[in-house]
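Based on the hints, put chain B in the right spot on chain A.
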Amino acid sequence: MIRLGLRFSLAGGKEAAVRLAVTAVAVALGVGLLLLTLACVSALHSQDRRVAWLETSTHNRRPNVDEATTDPLWGAVNLDQFGSRVIDRVDVAATGPHSPIPPGISRLPGPGQYFASPALVRLLHSTPADELANRYPGRLIGTIGDQALASPDSLTIIVGHAVADLAHTPGAAEVRSIETDPQGSSVFIHHPGRLQLILAVVAGALLFPVLIFITTATRLAAAQREQRFAAMRLVGASPRQIAVIAAVEAMLAAAAGVVGGFVLFVLLRPVMARVPFTGQSFFPADLALTPVDVAAVAVGVPVVAAAAAMVALRRVSITPLGVVRRVSAAAPRAWRVVPLLSGLCELGYFAVVGRPSTTSKQIEAYGVGFVLVMVGLLIAGPWLTMVGARLAARRANRPSELLAGRRLADNPRAAFRSVSGLILALFVTTAAWGIITTVVGYHNASTGGAEGQRLMAEDFVDHPLHALTSTTVGQLAAIRGVTGVVIAHISPTAPGGPGMGPPDGLVSCADLGEIPALGHCQPGADTASLPWISGAGISTNSSQLGAKHLRPAAAYSPTQVESLPVRSIYIETDGSSAAIERVRTALERLLPRDRGYVGPPSTISEISPDAQQQLIGYQRLAAVAIIASIPIAACSLAVSVAAGLTDRKRPFSLLRLAGTPLRVLRQVVALEAAVPLLLVSALSVGAGFVAADLFLHAQLSESLRPPGGAYVAAITTALVLSLGIIAATLPLLQRMTGPEVARNE
Amino acid sequence: MSTDRREASAVDGPVVDARDLHLSFGPTPALRGAALAVARGEIVAVMGPSGSGKTTLLHCLAGILVPDEGEVWLAGRRIDRLSETARSALRRERFGFVFQTGQLVPELTAEENVALPLLLAGVRREQAVADAGGWFDRLGLDGLQRRRSGELSGGQAQRVALARGLVTRPEVLFADEPTGSLDSLAGEQVMNLLTDSARAAGTTVVLVTHDARVAAYADREVMVRDGRVTTAERVPR
Chain A
1 MIRLGLRFSL AGGKEAAVRL AVTAVAVALG VGLLLLTLAC VSALHSQDRR VAWLETSTHN
61 RRPNVDEATT DPLWGAVNLD QFGSRVIDRV DVAATGPHSP IPPGISRLPG PGQYFASPAL
121 VRLLHSTPAD ELANRYPGRL IGTIGDQALA SPDSLTIIVG HAVADLAHTP GAAEVRSIET
181 DPQGSSVFIH HPGRLQLILA VVAGALLFPV LIFITTATRL AAAQREQRFA AMRLVGASPR
241 QIAVIAAVEA MLAAAAGVVG GFVLFVLLRP VMARVPFTGQ SFFPADLALT PVDVAAVAVG
301 VPVVAAAAAM VALRRVSITP LGVVRRVSAA APRAWRVVPL LSGLCELGYF AVVGRPSTTS
361 KQIEAYGVGF VLVMVGLLIA GPWLTMVGAR LAARRANRPS ELLAGRRLAD NPRAAFRSVS
421 GLILALFVTT AAWGIITTVV GYHNASTGGA EGQRLMAEDF VDHPLHALTS TTVGQLAAIR
481 GVTGVVIAHI SPTAPGGPGM GPPDGLVSCA DLGEIPALGH CQPGADTASL PWISGAGIST
541 NSSQLGAKHL RPAAAYSPTQ VESLPVRSIY IETDGSSAAI ERVRTALERL LPRDRGYVGP
601 PSTISEISPD AQQQLIGYQR LAAVAIIASI PIAACSLAVS VAAGLTDRKR PFSLLRLAGT
661 PLRVLRQVVA LEAAVPLLLV SALSVGAGFV AADLFLHAQL SESLRPPGGA YVAAITTALV
721 LSLGIIAATL PLLQRMTGPE VARNE
Chain B
1001 MSTDRREASA VDGPVVDARD LHLSFGPTPA LRGAALAVAR GEIVAVMGPS GSGKTTLLHC
1061 LAGILVPDEG EVWLAGRRID RLSETARSAL RRERFGFVFQ TGQLVPELTA EENVALPLLL
1121 AGVRREQAVA DAGGWFDRLG LDGLQRRRSG ELSGGQAQRV ALARGLVTRP EVLFADEPTG
1181 SLDSLAGEQV MNLLTDSARA AGTTVVLVTH DARVAAYADR EVMVRDGRVT TAERVPR
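Residue numbers (our numbering), protein chains in the order written: chain A, 1 to 745; chain B, 1001 to 1237.
Next comes chain B alone, as it looks inside the complex:
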């Protein structure tokens, strides 16, 4: 991991760079020449109507899906040709994820859910739980460490998921509709915590949303329509 990071820091230019991506699900094209470059530490909101291809684009950028055509680069290294195992390792070690719902393992406590990526990285349990515990105070979750997902509100569960996404201090955090199942107040809380934490750690964020209020937290918005990134504009913060 450390070698990759040194390599990454040695490379100038975008940390995530997608070029001319094409991907079809059977006869249905999802991406038709999508391209997106994200600078290190930048927060980019990917917007677009339902079915436009924004989640598919995020999955390609994160190495979850492999495009039929085109290239995906991470810090100067092409990742779309890597094996599934190598891409899994990449996701585990250099990326963080926050999804809309259902990402917490119901049998584990909140603390164990946050510690899970560290355990997967081989950190000893005591250390992993201690590191995870630090995020509870930071994200306003103090006292909820022992609760399970069923005992948390939607906003609390999403903050736990955010802590889990950030606990390994990833280079890039991919967030897919992170506030999609929350009310506006809880959504605002989550977005404030997400952007503040990411900026504090210098983490790049790719945020998929259809909500303009959520997109407003980003440094830049891009629009996906019919599988293409059609507009890209920097928004004032």
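Bound conformation, chain A alone:
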């Protein structure tokens, strides 16, 4: 039987060859996408391994050298910022010739020297020195190799110091080795950019539509196959033998598709590497497949295809007298909307009673709600498609509407299956985009609006600055684009300490007048008390921003205030990015890190670098979901349309010969694909907005803000592309319904 199955596929004439080729191409596309998804997850692990050295601590889990044989190395890792980009800054000072060397460099930089990543070198060359290069003391002595960088776009710098300088810098530590375990926990910082979880979710979400696509592809031309099997039953083949032949045919096409998929993967890998899915592009070599991935796809896809073919055969009983289809497959029932409604109700419950008390409980609560809605959309889709189709068919006045409506109502599961991948992507994109837009809007509104975008704050809460000369203040005030500088000093009587939050500061009224956004003094007062207003989007105290605020008078003279340690420096700029970067650069030079400066300062409105990285991650999640799902869903749609045409080749041909205009048949095909696409898209976009709104009510007591043009553009692109792919299948109709089909066999 296996031999016979092979013979049918390989020597079954032109039609069998075309069927095999089309199925193989479709499977190849699916496998290619699957491999790229798996490779992206693998690339994230590689990124983690490359930057494990940034997690170096005094107790490394997997040291790169024998710690007993090395000289200590002083090191500190900090995050710097240029615009919205994060710079990993590593300061090092060797205590001897055998100090451990981080990966990517051949030797440790001495005092006044630094290594920079290639992307940072380019940025240094293309940016005025007073906006970036002046932050780093000394000269560039080489570039950091790929093995120490997460991405070709990574901005990383290793700056050399004398031990005496670095040893007194807050946050610096003495280590004897470099960490090589990506799971290590740094004493320096918690390195941002951990996106595996996000990508794992995306990969999981993509696997589903890819598998649907592959199984759809292997069922191309099912009707013709069933007729052939019926003929075989007539000459004595048993159902088991038929199943074996069907499995062999499917496996053969899938195996050819798997080979094609691997070729596609190799061809597309360099292109994919350049796409910044995680905010940064990948090194092409990182987009690698593990042996487990290769084995699972190479074996799994043909096995799944064979299983799908056998399951498909079970749905129709092939008798010796022909294909006896179930005339009406069991129609989906209304209970299918229950999971979707349950998910929305669960989110609605928390919107009413408020968010759970702890983060873990919040994750649990919202996670369950969102998963229920996503699964609910998939379960409810066929029922909703059927209801919509029945309504449309009942009201149809045009033959194309009637034909399409009846077809959809007859098999709503098949119609929905082809668009289910896009549906999930639309839901994820809508919910994520809605939440991000609202959170960003909420953040902007609560961080001083336009004033917050101009005002920068640098805090010295943990390490108060004891001496700030008037020369330094004058230098800050002289920076091009700076319009005012206010120094807030620590009040000796203000409460502070653990659990109390940063203490109020004291300012002289002469200073305060330079930045009206910080408020104004009581009439006749010389000094005032100023609450803590921080940068990096810490919004709780930023609500204090604005000229309307009247600051209470302080019981200190201006001279007394100026002698107190500095708590914060406020610098107002003209709001230009150049001025903001000049301030960051100047502070780095004017306030050495060993005196407590931890930099970089942020505007009140800016999001901190790590939060920014996280936000970029979520935005990418939405983008990846929609971008990756479009081709998958569109391919599924195309295959589904083509399969539907093949199944109805004869009745459509005879209708056409009897004078039915091709236009009507095109409308039928277009409606069959477009109606479920648009219907369920509207549903998932709606569900996405509702879920996002409920989440925002529960978590932030905020209402959903409408997402902007980028969202509308992404959704429109997805739908237009999908409709375009449906349209691309229409020429098939003309070719498949020629007069030769009408000839009696």
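Errors might be hidden in some of the hints.
Straight-line distance between alpha carbons at most 20 Å, and here's what the computed SDA-like set of lysine to any residue pairs gives [stated by the list, open to error]:
1) A:649 with B:1181
2) A:649 with A:18
3) A:649 with B:1212
Here chain B is said to cover these stretches of chain A; the calculated rule only asks that three of the stretch's residues, wherever they fall, bring their Cβ under 8 Å from a Cβ of chain B [claimed, not checked]:
4) 387-398
5) 405-412
6) 644-657
Label pairs and their calculated CB-CB ranges [what the hints assert, rightly or not]:
7) B:1127 with A:734: 28 to 34 Å
8) A:728 with B:1050: 36 to 42 Å
9) B:1121 with A:720: 30 to 36 Å
10) B:1050 with A:331: 41 to 47 Å
11) A:708 with B:1150: 49 to 55 Å
12) A:18 with B:1027: 19 to 25 Å
13) B:1083 with A:716: 36 to 42 Å
14) A:713 with B:1127: 44 to 50 Å
15) A:682 with B:1050: 52 to 58 Å
16) B:1049 with A:738: 23 to 29 Å
No lab work stands behind these hints: they were computed from the structure. For glycine and all other residues, C-beta sits at the position ideal for the given N, C-alpha and C.
Leaving out everything else, chain B in the frame of chain A:
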């Protein structure tokens, strides 16, 4: 449509007239000088062995295929030079078709299948379904209106197809082996209904068959051999 019919009724002579038709599929000639004239209201059986060219001749007469050479006239109007769109409109508005199998749309009910040509002609759905319903009683299909093709016997499905072919009251009905997939009893039923309905409506019928018993229902038989209409004789009814 009405203008064409007036034009047609004004013309004497054959309603369908094929002259010296030649048509090849690649290197294989299918028609080699075939000619056939069919009078209004006449039922003509086109017979011949497999591969003789009888289905190709029917397709040329119905404007489905365009001959390489020769002319096809419908009621005094040459149709082989018309565009595909115009020929489609002609088939939709003035011809009816019955094929051997597989012509019913499986998702539609029997009633909707019969109403389909009327919907295509722009008739409102309620009216189209009502008109279609009239044929069920006439063709012994009462009670089967809501069934789908998979729920009908071969004979029933072919009668539904016949109703669909006649529902627009065509001038010419083209039937290609209409009983080819039926047993003799069901075949007889279908042929009786086909010829009775056609005669009652004055519809011209071109019937392709290789079965002499089916051909016997016709007013006249012609024989196609090697792409030519070789014999033509009027048979007694």
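Status of each hint after checking the structure:
1. A:649 with B:1181: Distance of about 19 Å is within 20 Å: holds.
2. A:649 with A:18: 16 Å, holds
3. A:649 with B:1212: 31 Å, violated
4. 387-398: holds (count 3)
5. 405-412: That given contact holds, which follows from 4 residues of the region 405-412 of chain A lying within Cβ reach (below 8 Å) of chain B.
6. 644-657: holds (count 7)
7. B:1127 with A:734: 28 to 34 Å: 31 Å, holds
8. A:728 with B:1050: 36 to 42 Å: 39 Å, holds
9. B:1121 with A:720: 30 to 36 Å: With Cβ atoms ~34 Å apart, the hint holds.
10. B:1050 with A:331: 41 to 47 Å: With a Cβ separation near 44 Å, residue 1050 of chain B and residue 331 of chain A satisfy 41 to 47 Å, so the hint holds.
11. A:708 with B:1150: 49 to 55 Å: 51 Å, holds
12. A:18 with B:1027: 19 to 25 Å: At roughly 23 Å between Cβ atoms, residue 1027 of chain B and residue 18 of chain A fall inside 19 to 25 Å, so the hint holds.
13. B:1083 with A:716: 36 to 42 Å: 37 Å, holds
14. A:713 with B:1127: 44 to 50 Å: 46 Å, holds
15. A:682 with B:1050: 52 to 58 Å: 54 Å Cβ-Cβ, so the 52 to 58 Å window holds.
16. B:1049 with A:738: 23 to 29 Å: Since residue 1049 of chain B and residue 738 of chain A have Cβ atoms about 24 Å apart, the given range 23 to 29 Å holds.
This entry does not satisfy hint 3, going by the numbered hints stated previously; all others are met.
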